[in-house]
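Asker: Here are the chains, one letter per residue:
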Amino acid sequence: MKTGEENVGMPTQTKPGTVAAPPAQPDGAMAEYRVLLPVDIAGKIYQYDAVVALDAATAKTYAHALVRVEDLPKAAAKEQATTEVK
Amino acid sequence: MAGTAKNYAPLSIVQGPGDLWAIPIAAAPTDTAIRLVLASDGSPDATTHPGSVHLGSVAESITTAVKPKLSEIHVDQFDAPIDTYVAGLGATIKAKMAQTEAQKIQRMLGVGVYASTVVASGDFSGLTMETCTFGGINTVPLICLAVISATHANPAQYVVSVLYVGYSTGAFSIALGRAKNAMYEASFSALSDPTRTVGRQIGLVYQTLVNASGGTPTARNFVPGEIYEGPCDVWLLGTAPLDSAAGVVSIDPTTLTPDSTVHGTCTHLGLAQGAATLSVAAKIDQITADQFDAPIAVYLASLQASIEVELLQSSMQNLATALGVGTYATTANVFAQTTFGGTNQATAVCVAVIGCKRMAPTKPVCACLYLVDPTDGISWLAQRSKPNAFKVKFEGHSDVTRTAGRQIGLWQEIM
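Heads up: the sequence lines are chains A and B, in that order.
Just so we're aligned, residue 1 is where the first sequence starts under our numbering, counting upward by one.
Just so we're aligned, residue 1 is where the second sequence starts under our numbering, counting upward by one.
Heads up, a few of these hints could be off.
[As the list claims (entries may be wrong)] Label-pair distances were calculated between CB atoms; the ranges are:
id	chain 1	residue 1	chain 2	residue 2	range
1	B	128	A	30	15 to 25 Å
2	A	22	B	82	52 to 62 Å
3	B	63	A	56	52 to 62 Å
4	B	90	A	56	35 to 45 Å
5	B	155	A	22	24 to 34 Å
6	B	379	A	60	48 to 58 Å
Hint data in this document are derived by calculation from the structure and do not stem from the laboratory.
Every value quoted in this text rests on a predicted model; they were computed, and no experiment measured them.
Cβ coordinates follow ideal geometry from the N, Cα and C atoms, glycine included.
Based on the provided sequences and hints, a complete structural model is requested.
Answerer: Right under this line is the structure:
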């Protein structure tokens with residue numbers, strides 16, 4: 001059983017900005033987004049936790065319901081990818 | 001003898017408004033870095049917590065509540081329990097939200113489907129239409145919730161509550177009328193995250209003791225134009241919106257009434273006393289396991305949708321509509337009547353509420369339930385002191401012929 005708290009691996013309140021933001025998505029390029037809320041994009045419904053490839057403009061329209069996979073903390077993204085394969 | 005110091009600490013008194021944030025589970029505080037990283041303005045740091053969304057203006061307050069359910073251990077020899085054990089632990093965040101807009105009501109409902117399209121033709125051509133449809137989505141989206149409030153003593157320090165894995169339980173109930181802003185309750189409950197360390201599997205409340213600085217702020221979402229207030233009209237649509245048209249109601253831009261070329265002969269239910277209320281409520285089943293003090297998963301049990309309004313015009317046709325099992329008949333200049341008794345199958349209809357935006361009155365908002373029954377019956381009040389008004393409530397069915405995700409109804413608005 002894990003006990004205690006080790007505030008490691010991520011920046012803390014006293015060390016802001018220690019994680020560099022991933023590069024912005026270039027216009028026209030596709031990137032993978034994880035669906036946080038069901039969305040209907042061009043007539044197709046994507047449900048919670050699906051991963052969809054979108055261009056930047058479309059992703060911006062649905063920004064409240066999506067998160068770019070590349071932006072996620074690496075450990076969490078890897079964990080989710082593993083879950084998805086299962 | 002030695003006294004003991006008292007603990008008078010006015011700075012520990014919490015007062016002040018807060019902001020409600022939705023944070024993707026994958027970007028939530030981790031089991032090792034259990035607190036949020038805040039940017040200098042007190043918002044979640046956009047780099048550490050990407051995809052965080054500010055849920056807009058709050059009408060009154062945001063309440064985080066954590067409550068254990070204790071199981072008492074009794075023995076016969078004593079008149080009070082001799083010990084207790086935690087049978088369960090509930091954690092919720094509740095708030096009354098002010099901005100009525102498709103993205104936000106989707107978050108409150110959870111199982112709604114959001115779409116944004118550019119209108120291709122007509123007077124709304126080129127404008128964006130946002131919709132939140134509902135009916136047929138069973139998977140309940142999970143999200144991390146955080147309430148962040150500046151301390152009253154130091155606006156750069158914060159009191160924060162976090163539910164690591166939450167889900168929406170409040171759905172929404174929006175009253176579209178003249179007298180009051182259309183506020184609605186938001187309610188989120190927490191799950192236990194079995195992957196986290198015992199003692200902090202559900203959430204935390206904490207106060208920062210150093211001024212927030214640096215980081216990348218996440219934008220807040222204050223849009224006064226999204227606060228709805230104003231009258232609306234209730235319609236029975238001759239032809240319901242087609243599933244092939246994404247279930248959207250076609251509205252005449254000049255009159256903000258149903259487009260009769262699309263919806264056929266529509267019936268306007270006339271003058272209303274007070275607001276028309278759209279309610280969409282998801283009943284969520286919690287999946288529990290004995291090893292954990294809070295649910296570990298959830299599933300949609302049912303979705304109830306209704307439109308309710310109090311009508312002033314007691315025409316025989318309106319009464320028949322409100323009764324559902326009444327039969328309307330008329331002979332011009334002779335009589336109009338509603339008969340009842342012996343009709344076993346209620347007549348399902350499509351109902352729509354159409355209003356306009358408070359700060360953009362040429363732009364309609366519309367709520368529609370594709371297939372409804374009136375369920376409240378009718379009453380007739382003969383009285384000197386006030387006019388007869390009767391409440392009519394339309395409760396939504398699932399239309400099994402429609403696409404999952406939009407089988408019951410929608411909220412739509414021109415942006």
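Asker: If a hint holds in the structure, say so; if it doesn't, say that too.
Answerer: Hints, verified against the model:
1. The beta-carbon spacing between residue 128 of chain B and residue 30 of chain A, approximately 22 Å, falls within the hinted interval of 15 to 25 Å.
2. Checking the proposed 52 to 62 Å range against residue 22 of chain A and residue 82 of chain B shows it holds: the Cβ atoms sit about 57 Å from each other.
3. Distance hint check for residue 63 of chain B and residue 56 of chain A: the Cβ-Cβ separation is about 38 Å, which falls outside the suggested range of 52 to 62 Å.
4. Residue 90 of chain B and residue 56 of chain A have their C-beta atoms about 41 Å apart, which keeps the hinted 35 to 45 Å range intact.
5. A hinted range of 24 to 34 Å for the beta carbons of residue 155 of chain B and residue 22 of chain A is consistent with their spacing of about 31 Å.
6. Between residue 379 of chain B and residue 60 of chain A the CB atoms are about 51 Å apart, so this pair conforms to the stated range of 48 to 58 Å.
Hint violations for this structure: number 3 only, all remaining hints satisfied.
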